[in-house]
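K.L.:
Assemble the complex: chain A is given as a structure, and chain B must be docked to it using the hints.
Protein sequence lines correspond, in order, to chains A and B.
Counting from 73, one number per residue, gives the positions in the first sequence under the working numbering.
Counting from 73, one number per residue, gives the positions in the second sequence under the working numbering.
No lab work stands behind these hints: they were computed from the structure.
Note that the coordinates shown come from a computational prediction; the quantities given were computed from them, not determined experimentally.
Accuracy of the hints is not assured; some may be wrong.
No more than 30 Å apart at the CA atoms, straight line, and that leaves these computed lysine-lysine pairs for DSBU-like [said to hold, decoys possible]: (1) B:531 <-> A:562; (2) A:165 <-> B:493; (3) B:493 <-> B:531; (4) B:459 <-> A:596; (5) A:672 <-> B:672; (6) B:672 <-> A:221; (7) B:459 <-> B:404; (8) A:564 <-> B:562; (9) B:531 <-> A:208.
2 protein chains.
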Amino acid sequence: MQTPPLTLCTHDSEPYRRCRLCTTLQALSEKSMDFAVVPLDAAPDVYPGCRNYSDFAYFDDSPCVARSQYESSWEKLCVGRVQTPIQGPSDLKAVEAAAMYSLHIGMRTILIDPGVGHRLLKPLARLLNELMNRHKMSVWYVSPWDQWKSWNQLRFMCGHNPLLGVCPRLPLMSDTTSVGLNSMHGKTLPSICRYFGLPLPKGISAAGHDKLGDLWLSEPLRAVYAQQPFAKGHPHSALFPFLLRKVPLIVHKTCIDEFRGFAKSFELEKEEIFSIFRKTYPDANEDLVVTTAREYHDGTPLAPLRPLQENLENGVYEAFERDSVKYSAYQKAIAVALQEIRARKDFQKSGLNVAILGAGRGPLVTCMMEAAYKIGIKVDCVHIFEKNKWACRTLEKRFHHMSNEDCSRIHSPVIQHDFRKWKPDRTFDLAISELLGSFGCNEASPECLVDTLPEYLGKRGLSIPQRYTSYLAPVQAAKTHESLLQMSAKSKDPSVFERLHVVNLRDAHFLGKPVACFEFDHGKRQVEPHSDMHNEGCSKFCSLTFIATEEGVLHGFAGQFDCTLFGTEGISTVEGSRTAGLVSWFSTYLPLRNPMRIGKDDRVTVNLWRISKEGKLWYEWNIEEPHLTGISNSGGVHDFLDLS
Amino acid sequence: MQTPPLTLCTHDSEPYRRCRLCTTLQALSEKSMDFAVVPLDAAPDVYPGCRNYSDFAYFDDSPCVARSQYESSWEKLCVGRVQTPIQGPSDLKAVEAAAMYSLHIGMRTILIDPGVGHRLLKPLARLLNELMNRHKMSVWYVSPWDQWKSWNQLRFMCGHNPLLGVCPRLPLMSDTTSVGLNSMHGKTLPSICRYFGLPLPKGISAAGHDKLGDLWLSEPLRAVYAQQPFAKGHPHSALFPFLLRKVPLIVHKTCIDEFRGFAKSFELEKEEIFSIFRKTYPDANEDLVVTTAREYHDGTPLAPLRPLQENLENGVYEAFERDSVKYSAYQKAIAVALQEIRARKDFQKSGLNVAILGAGRGPLVTCMMEAAYKIGIKVDCVHIFEKNKWACRTLEKRFHHMSNEDCSRIHSPVIQHDFRKWKPDRTFDLAISELLGSFGCNEASPECLVDTLPEYLGKRGLSIPQRYTSYLAPVQAAKTHESLLQMSAKSKDPSVFERLHVVNLRDAHFLGKPVACFEFDHGKRQVEPHSDMHNEGCSKFCSLTFIATEEGVLHGFAGQFDCTLFGTEGISTVEGSRTAGLVSWFSTYLPLRNPMRIGKDDRVTVNLWRISKEGKLWYEWNIEEPHLTGISNSGGVHDFLDLS
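Just chain A, same shape as in the assembly (with noise of 0.2 Å):
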């Protein structure tokens, strides 16, 4: 645990002097602080009505002075607070003036602060939206706490700008209980599972977990705003998700030296949620949950691996390998199998021979050898396969004589070729491969298994894995969207709408369950017996119906998957059962250019399209409910991995 988690930043509503601006830039610098909150009436050229006019004067010329101190970076560590309350349709003016004003002095990030009702939400819309349109400035809206649906609706309407984020504003003590670091449970706990990627401990309830905390996570936030006056000693539960997170928080300067008091004691508290994690999760590799909680916490997409096609590095393969808890369900699984081939009659006679497809630096053969050792089992011979050459030096170093303690040595060929192009000379009974993607299927794990596998088995070898489905579930996902347009504005590239890409979805908001949709089971060696419009060899069709659970905006869908590697064992990344502590795989994530709003009970009914034919794979979807879409990437002209 390095950094203390918190950010602060002061909003100070005096108005300042001259030497205020400087005496701000300077604490921000001190207390490594993000940015300062100033205010913003303006001069009176424009604001006409202001009574401090000498308070003002410093607008004028200080930047000259901050710029030759702070190395003429003093606009982007300030973002100007329009003080005008919003009472009244004139005010309006004033806004658009102090913005105005704004942009002349180089500050181009407003806070706005509008506690606006339904009716005046229209006109200032549309003169955010100006303001974000025509002069490129960044609009950071204050919300309150519970009416994200004014928020929602602003964002609507300002075409989900990059350029707009969202500050909201912490509900007042009063409002929610405040509950001491000491007492982990209630509100506190579930965010802090969550934000790693944890199912609940036993015995701890997440009623009264507040959702509206969840729904805030997955905007793009800008900063928490804290109400006024901060209660001493008891901080807001509320405010440990976005403290976990490292969202900015704004407080008054008055509050600051409170507010690192309570970094502090979060900090020290943190030790005792590590004792809980490890307690309950004794598999997992502690340092790589945290270090991916922290790292892929933002919901930025991410182009999919795509080992099939292109050779993994060396890092990469030592990042999966980290995975202690995907690998100890191989163990398991691979267990159970070699006990059930060791149960057959005929066992004796021939001898054991594995083949691991696709081994990458091994990681399945290690499983594969402490599996037969723990359980005392003799394996004869280990064929590993391995198209990657350079991966392959690695793996001969490592298992060309193998041995474990009972068994001596082992004859282990390692074999440079694709396995989907080697014909084998003999079978083997168990044929071990990890060829999962995100979205389970999407690797083309079917596409190199189902045709090879009765080569390489017969009739009676096993598969680990045996069987996968993939997951869909509708999402709110703001970040990950405003990652995509920013992604298209630079590239100038509008298909990235049409591609699936793989994101760290746990702050994204699930508007409801995840539902199954495509299933290949290689323990069954039979062909499917029959073949329909949309169904043929490994391309498939599915037409799912969601009942949306919350209400929200509906970004695109999540893709999950689970996995029976082998009897009862298996893993899953489905949200609500997902496997505790794996982090090999984030979600896939299949977006729409044009989000939807989604009440409670709504039906979102999306086709997914699974196609793979002439050497290729893709993907194609569109929404059919609430309203009827386009098809995205058609004919799989914007994202397909060649099968070749």
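P.N.:
Quick look at chain B alone, frame taken from chain A:
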């Protein structure tokens, strides 16, 4: 009346022999047909069940023959008809095979007549979408006349792809009333009036009018598909609107001569139509109405004229001056105004002074002179203002020394000056202007007049026009949407959907009745007493709700206007009360990037801002119902009128 309005093309369902393609192309050329629909049952390698193997041999070599004879354009002259009836899911593979074969021989357009029920629409949509997106093929979809809904679903699933067009199949004769051409009433005359942009003549009822026909007319039509057999001598009334618009007609080759006879009789009967036209609207410039209807019937968006920013060319002035209905209305209004002035007690005391504001080449000057002459009023002085110095040359020649027979010579200085910047040395009794755009206030008539009229008119002077109101109506305009998509793709400029366009929307399908939005009244001289957040000066806001009178697709909004020139004299372009024979203004079109499906009685709410500030005028809009959208043209970034 020049070329025959009927374009025929043959649809040959018999298999071809080697020489057949040549014969067909020969026939196309001799009978001046547009294209031939040829069967695509493809060669045996892709469609093994074909019983006509030898008949299809021509596919393999005749392209060379055709190429030499028809300058390599034979592929463009042929549309491949997918013959496979789509009865079950497995037929889709045959469709794909046929399409791939078509592509192989270079024929990039296929006609598909699926007669598909709801069950197969999804996989068919996916397949067609793949053909268009991946292989850039054009698809002509034959839809049963009464199955617009299925077509609409298909179109949405294909993302409104401009490569997708529709060929509605004419209903069977028994489905609809067949009428002789010599009884122009019922279903036929309403279509014709609509084509010419005219209201129905009195005594003619539109009851029984084929609304489905109107709906199809608003679609991206490629052809009309005739049923077989097509009963002799009794052409469909449903066919009339398509004939007028020269939509190609696909008929079986055995019926071609029959249709030719029909076309001939249609040609002969046209005179009858025009005699009705002439009798009903004696004011209208018949040639102009006919030409306009013919040249601009296709819903193509045009850039609005901007006479305030740019000097119009001589030809443009001339074109607009030919609108006799418009200037006749002006002349009547001027007469009423002059009579009102003459009726004043103090009329004799001062001479009568008239100002023409923005005279162009002077049509309003002529109107004024003729009005004054007819009612016998002496006009003493006409000041003619025009900022375009080239137009002023014409004005000077024509009007510097004017006379009318009664009043002898009139002093009429031509003032080459922007009248907004000129300080008049006197007040005028009457100021006449024609600054209205297609949306009324969109060419900045209010900005030009509101502040200047008091200077020119003092307290008592009159203004023509007195008052104008813009109207908005939700429309289905698929062709216009298609054009905008193409425009956007061609220029790689997505902002075409953020701009106002001018379109002849006569084939658009109005989904609701036009509703008034902005009114400007130059009769009232006092300053508007209040301003609120939305309305200040010439900036205005309105939020309009329509109840859909029809089912359809909301592609955008038609902007129109009506104008009280003076007293009871006025002009209108508003759907349903359009001034007969008026051709100067098409509709304004406010596009939506993403069309929305609308059911009958659905609510459609649109917010529209007219922003006039900082020397610029622009409009912003967004939809609130059925789905909330972002504000278009925010800050006038994509479209504004420079007022300076």
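K.L.:
Given the hinted pair residue 531 (chain B) and residue 208 (chain A), is their alpha-carbon gap at most 30 Å?
P.N.:
Between residue 531 (chain B) and residue 208 (chain A) the Cα gap is close to 45 Å, so the pair fails against 30 Å, i.e. violated.
K.L.:
Does residue 493 (chain B) sit within 30 Å of residue 165 (chain A), going by the straight-line distance between their CA atoms?
P.N.:
With Cα atoms ~28 Å apart, residue 165 (chain A) and residue 493 (chain B) stay inside 30 Å; holds.
K.L.:
Would the pair residue 459 (chain B) and residue 596 (chain A) pass a check requiring their Cα atoms to be no farther apart than 30 Å?
P.N.:
violated, 85 Å
K.L.:
Can the restraint linking residue 459 (chain B) and residue 404 (chain B) be considered satisfied, given a maximum Cα separation of 30 Å?
P.N.:
holds, 26 Å
K.L.:
Next pair to validate is residue 531 (chain B) with residue 562 (chain A); report whether the Cα-Cα distance is within 30 Å.
P.N.:
Outside the cut-off at roughly 58 Å; violated.
K.L.:
If you draw a straight line from the CA of residue 672 (chain B) to the CA of residue 221 (chain A), is it 30 Å or shorter?
P.N.:
With a Cα-Cα distance of about 28 Å, the restraint between residue 672 (chain B) and residue 221 (chain A) holds, given a limit of 30 Å.
K.L.:
Does residue 564 (chain A) pair with residue 562 (chain B) here, judged by a C-alpha cut-off of 30 Å?
P.N.:
The hint holds at about 15 Å.
K.L.:
Under the criterion that the straight-line Cα-Cα distance not exceed 30 Å, is the pair residue 493 (chain B), residue 531 (chain B) satisfied?
P.N.:
Answer holds: residue 493 (chain B) to residue 531 (chain B) is near 20 Å, not above 30 Å.
K.L.:
With a cut-off of 30 Å on the C-alpha distance, tell me whether residue 672 (chain A) and residue 672 (chain B) pass.
P.N.:
With a Cα-Cα distance of about 25 Å, the restraint between residue 672 (chain A) and residue 672 (chain B) holds, given a limit of 30 Å.
Hint compliance for this structure: hints 1, 4, 9 are not met, and every other hint is.
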